[in-house]
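**Q** Letter by letter, the chains look like this.
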Amino acid sequence: MTTADVSPRARAHPHLVPLWRGLVVYRVVALVAAVVNLVRFGGGWERPLLGLVVVAAMAVWTLVSSLRYLRFGDPATACADLVVTALATASTLLVDSPEHIAQGGPVITTVWSAGPVLALAVALGWRGGLVGSVVTVAVLFGVRRIVDGDLLFDAQLLVVAGLAVGLAADTMRRSVEQLRAAAALEAATAERERLARDIHDGVLQVLALVRRRGDELARTDGTAPAVELARLAGEQEVALRRLITSAPVPGPDGTVDLSSRLAGVVPAHASLAVPAEPVLLPAAVVDELAAVVREGAGNAAAHAGPGAGLWVLVEDDPQGVTVSLRDDGVGIPDGRLEQAASEGHLGVAGSMRGRVDALGGTITLHTAPGEGTEWEIVVPRAGTRSRRRTWSA
Amino acid sequence: MVRVMVVDDHPIWREGVARDLAERGVDVVATAPDGAAAVRIARAVRPDVVLMDLQLPELSGAEATAQVRAALPDTQVLVLSASTEHGDVLGAVRAGATGYLTKSAAMGELVDAVMRTAEGQAVFSPGLAGLVLGEYRRRETEAPDEPQLTPRETEVLRLVAKGLTARAIAARLTLSHRTVENHVQNSLRKLQLTNRVELTRYAIERGLDADE
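Residue numbers (my numbering), protein chains in the order written: chain A, 1 to 393; chain L, 1001 to 1212.
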């Protein structure tokens, strides 16, 4: 996976700068090798003057592209580098005689020709390195026209270098992203805790007080608005308290805490009883259980009747997690669900059952007219036991 | 008349609760703004019930509970908190509190709870029952040597957590009301049995964290 920045004016990925520096050092050293090659063999070339011009151009391009790599580290410069280098390598055909080339004389660019392979690898990851090395090998073959040991050796080196540097760049990019995500999560958690403290110290206390004073007022002069006020303040207090505790606590291996998730799902007037420790389950399972509880709570709100209470209990056993959902409303008459199903209404019960079945769990319903409804959902723990956090205050 | 002490670091709340209780015939003998003061004042006035907030300066509610219970075995502690931290609540119960109410509880509920606490009864909300059940489940796997719940106690606690009243539980399990109360109380007592060991560990942990 490459996430290269394609904007030419973008700044170099800061964490890749060491790789770019290494590349620049390599190119300068390789340029020296090309100059040495010119000095040693230039006299025997067909057009030594042209050779001098090409090497001078290589020096200028080394300076220009190196500056760009250090500043922008962009794929566009790397691609341009590939083209310029290919042309410089191809110019060997004009500079040197075909016989000398065929005898195995070095190309004018020497090891300098590997520069764009490494540049593409740093800029675009292993794919860039692979493409760069294949193009460079093709150009070398175009100049030499024979497949000999030297060419194969060069090809091997180029491909391996392109892939290795590319993979290194990919790994650096990825780990930086992970680091950044972890830092963001930590910052978000710290901010949430700070907010929770503030809310706890201020708003929650006042809401609780309004609730109490409202009750008081309702008792002394029996006004309906006071009752309403007290109820609303009480509900908001509970809702707010749940909100500040309900940001999902991510566990190890992509698991999520079911308790804090349910806190955001269960209505404010309902009771939510959970263990002190996080109930860690795979995120997908938590999503489904939250959906089941939401449906059950919605159903209770619609059918249990006015003033009915709702209680949710979460229990965490080595074998599985049990979620109980109870209301003390009017209940469901015997056979009503079967009747609905036979009439083709899948309904809430069918939907809840379907979700729980898909999780490999069981769902049971106890109900009778006047006795409310009580769902019990058991989802097995797949394989290993959840890692428990030791309790501390 | 029941003698009560109110511990809370929020003055508005503390005075409000004290006044409300007094209006309902509860004798509020003292108030305290932090955990250390709570322990000190409780030793002097010996209240029947301490109404304890959890997030207190100086000494946490759980620690203050432990110290009050250690110094005054006849004084009961009822936790009244807006605490969002489950561990804090459980810590207070293990330290010897016999009941827990959230601050959103209605006044009538609170007075009733204070009376029941004074009589030595446990005041169990469904939320607290869930925490206690979870704590025993943890013990089953991690500390099998410590006292566990009997199947009957588990059954009763589960029904409390599902919002059934003691009367409804008695009817459902065909037990007497008194027996149901006993089961609930036993479940708390067994949590507090390992008190001394737990407390030392707790105090050390808190002591180490105190600089934060």
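I should point out that these hints are in silico values taken from the structure, not numbers from a laboratory. Ideal Cβ positions, reconstructed from N, Cα and C, are used throughout, including at glycine. Keep in mind that a hint or two might mislead.
Some residues of chain L that are not near chain A, with every Cβ distance over 10 Å (derived) [unchecked claim]: (1) I1012; (2) K1103; (3) L1128; (4) L1131; (5) G1134; (6) E1135; (7) K1162; (8) G1163; (9) A1170; (10) H1177.
No farther apart than 25 Å at their CA atoms in a straight line, the calculated lysine to any residue pairs in the SDA-like style are these [stated by the list, open to error]: (11) L:K1190 with L:E1142; (12) L:K1190 with L:E1155; (13) L:K1190 with L:G1108; (14) L:K1190 with A:P318; (15) L:K1190 with L:Q1148; (16) L:K1190 with A:D317; (17) L:K1190 with L:A1070; (18) L:K1190 with A:R219; (19) L:K1190 with L:R1167.
**Q** Now tell me if each hint is right for this structure.
**A** Going through the hints against the structure:
no., hint, in the structure
1, I1012, "violated, 6 Å"
2, K1103, "violated, 4 Å"
3, L1128, "violated, 8 Å"
4, L1131, "violated, 5 Å"
5, G1134, "violated, 2 Å"
6, E1135, "violated, 7 Å"
7, K1162, "violated, 5 Å"
8, G1163, "violated, 3 Å"
9, A1170, "holds, 15 Å"
10, H1177, "holds, 18 Å"
11, L:K1190 with L:E1142, "holds, 16 Å"
12, L:K1190 with L:E1155, "holds, 16 Å"
13, L:K1190 with L:G1108, "violated, 29 Å"
14, L:K1190 with A:P318, "holds, 22 Å"
15, L:K1190 with L:Q1148, "holds, 8 Å"
16, L:K1190 with A:D317, "holds, 20 Å"
17, L:K1190 with L:A1070, "holds, 17 Å"
18, L:K1190 with A:R219, "violated, 40 Å"
19, L:K1190 with L:R1167, "holds, 23 Å"
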